[in-house]
Amino acid sequence: MGSYLVRRILLAIPILFAVLTLVFLLVRVAPGDPAVAALGDYASKEAVEALREKMGLNAPLYVQYFQFLGGLFRGDLGRSLINSRPVASQIASAFPYTLELTASGIILGSLFGILLGILTALRRNRLVDYIGRVFSLVGLSVPAFYLGILLLLIFSIKFNLFPVVGGGDLSNFGETLYYLFLPALTLALIMMSYITRMTRSSILNILNEDYVRTARAKGLRERLVIYKHVLRNALLPVLSVVGMFSIVLIGSSVMTEVVFSRPGLGKMMVGAMKQRDYITLQSIMVIFSSLVVFINLITDLAYGFTDPRIRYD
Amino acid sequence: MSETARLWRTFRKNRTAFVGAVIAIVVILVAIFAPLIAPYDPLDQDVYHRLLSPQRGHLLGTDNFGRDSLSRIIYGARVSLIVGVCSVLIGMVVGTSLGIIAAMKGGKAENLIMRTVDVLMSFPNLIMGLMVMAILGSGMGKLIIAIGIIMAPRFARITHAPTLAIKEQDYITAARALGFSDLRVIFRHALPNVLGEVLVMGTLWTATAIRIEANLSFIGLGVPPPTPTWGGIIREGMDYLSNASWISLFSGVAILITVLSFNMLGDGIRDIIDPHITHGV
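Top to bottom, those sequences are chains R and X. Read in order, the letters of the first sequence are residues 97 to 409 in the working numbering. Read in order, the letters of the second sequence are residues 4 to 284 in the working numbering.
One thing to keep in mind: the hints can contain errors.
Label-pair distances were calculated between CB atoms; the ranges are [what the hints assert, rightly or not]:
#1 Asn268/R to Phe68/X: 38 to 48 Å
#2 Phe183/X to Arg319/R: 20 to 30 Å
#3 Asn268/R to Ser245/X: 19 to 29 Å
#4 Trp11/X to Asp306/R: 31 to 41 Å
#5 Trp11/X to Asn304/R: 49 to 59 Å
#6 Ser141/X to Ile178/R: 19 to 29 Å
#7 Lys108/X to Asn268/R: 54 to 64 Å
#8 Gly98/R to Val96/X: 37 to 47 Å
#9 Pro195/X to Val125/R: 36 to 46 Å
#10 Phe183/X to Leu107/R: 28 to 38 Å
#11 Pro333/R to Lys108/X: 27 to 37 Å
#12 Gly136/R to Ser141/X: 15 to 25 Å
#13 Leu62/X to Leu157/R: 19 to 29 Å
#14 Ile178/R to Val96/X: 37 to 47 Å
Keep in mind that the hints were calculated from the coordinates and are not lab data. Quick reminder that beta carbons are idealized off the backbone N, C-alpha and C, glycines included.
Chain R with its partners taken away, still in its complex shape (with noise of 0.2 Å):
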């Protein structure tokens, strides 16, 4: 296990280096001289060259490459070109409002996505399978604005039970759930639907084997069938399927940020995206590619716990 460990972290070292130059490179090509984004349309030459100097945009791209992998490493991120406050300061402070967000509609998505993917499987073809199936499909074909609307409009517009928009004062708990309720809604309500849907065909292909038959057919208890043979065979798959869906859900929370007005990450990076902020962009993106890279690393390790046959390939 030791070796399939350090063997997985070691992987994903260079496939960090790789993401972190391609966000460099890719605000590197985006059109538009930041200097002239920072000073605006009518700043003179000689300013936004002056500026451009300071920023380091005249150095070589290697230099320039350097400079940005040295200030990840020292935690300095630059200065937003509207603001010119420090971008990391404003991650810090926006960093909870996204984390709290995602890993809600995380953990509540698949919790209840693996009971109602298992309540669905062993129901085949019965009412609660038909509910569970449509809203599996309609889950995973609505769009994570489009639900947050919805929510929006019946909870908050329609009956008035919650807040419209905002983040609420992370300090105070109460406040913190009363603002974050329905965001984290939207995410579990599509976190939930890919995890029904893959725990009810985990499931039922597991089911098929010969192995549940056998003990079946040797007259174990239905119970005993389903907990020790089909569930534990079942919910590894689902394990690998939830980090790749926190992927996706991670993409949803910019949506349901902006849906929302949530002063999380995601509205962060399209208000930066907008007014062409490109350091606070890349930054952004930063985060957002570690993060990934991150989850990936856990699913794979988590995966080569509960399954030891992983660990010797």
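Fit chain X to the given chain R structure using the hints.
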């Protein structure tokens, strides 16, 4: 019974695929014949009839410029379908070629292609789309390219592994031994083996592409106004949620139905091609 007739019968019997196909075809027809079906010009403003609720004459109401919502949604189908289908086609051609070439060539080429695929897939779809659109700027062609870039690595990944397996088969070795060119071996022998999976995923990912397009248009990074797009209509309606929610609501229903139909169609085709797998819905 011929093979086509047998497939058609299986298809007819698979309710999910059949219903999905019927809805998708209806949406496609609506998009093609939009000028004949739409009751009004989608850009025609009428300040005296702003924010009308659904009623006779304006079945789905009007927006803040007095434009007919139904007509705008009908025309919006064009952007969604063109972007959805074209981006997936681009991704399919580029990605499938790269996946097969990587597997057949092996060595450095394979490493380079597949690691690039890994890196590109390290970004959530939407974030990749946002980033590429921020760089390219808005417009339909750019939107197609951006979503095509998201789709290509996925196709490369699903074609790479099966091609690796096929590569070792005797008939490929035989074809090579007969002196057939690489291209011929790829097109005549490798491609047909992965085509089924590519088509199924192509249908499912068209649904994804349409959803991504809606997201980008909602943010304002898609096809610029006044061209009606479903995501754009929802964005415009956001300011009137409390007093004219129909603007956003109906456009969302259009997205939902279209994405749903392609998902159902893809699922159904997969069940027909590979009946052993129980994929759920």
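Do the hints match the structure? See the list:
Evaluation of the 38 to 48 Å hint for Asn268/R and Phe68/X yields a pass: the beta carbon distance comes to about 41 Å. Taken as a hint, the range 20 to 30 Å is violated for the pair Phe183/X and Arg319/R, whose Cβ atoms sit roughly 58 Å apart. The hinted window of 19 to 29 Å between Asn268/R and Ser245/X holds, with their beta carbons roughly 27 Å apart. Between Trp11/X and Asp306/R the Cβ separation comes to about 34 Å, which falls inside the hinted range of 31 to 41 Å.
Judged by the Cβ atoms, the range 49 to 59 Å given for Trp11/X and Asn304/R is violated: they are separated by roughly 28 Å. Hint check: Ser141/X to Ile178/R, Cβ distance near 20 Å, so the stated range 19 to 29 Å holds. Hint check: Lys108/X to Asn268/R, Cβ distance near 59 Å, so the stated range 54 to 64 Å holds. For Gly98/R and Val96/X, the Cβ-Cβ distance of about 44 Å falls inside the hinted range of 37 to 47 Å, so the restraint holds.
A hinted range of 36 to 46 Å for the beta carbons of Pro195/X and Val125/R is consistent with their spacing of about 38 Å. Under the hint 28 to 38 Å, the C-beta atoms of Phe183/X and Leu107/R, about 37 Å apart, fit the expected range. The supplied range of 27 to 37 Å is met by Pro333/R and Lys108/X, whose beta-carbon atoms lie about 31 Å from each other. Here the CB-CB span from Gly136/R to Ser141/X is close to 21 Å, well matched to the stated 15 to 25 Å.
Checking the proposed 19 to 29 Å range against Leu62/X and Leu157/R shows it is violated: the Cβ atoms sit about 56 Å from each other. The supplied range of 37 to 47 Å is met by Ile178/R and Val96/X, whose beta-carbon atoms lie about 40 Å from each other.
In terms of the numbered hints stated before, the structure departs from hints 2, 5, 13, listed from lowest to highest.
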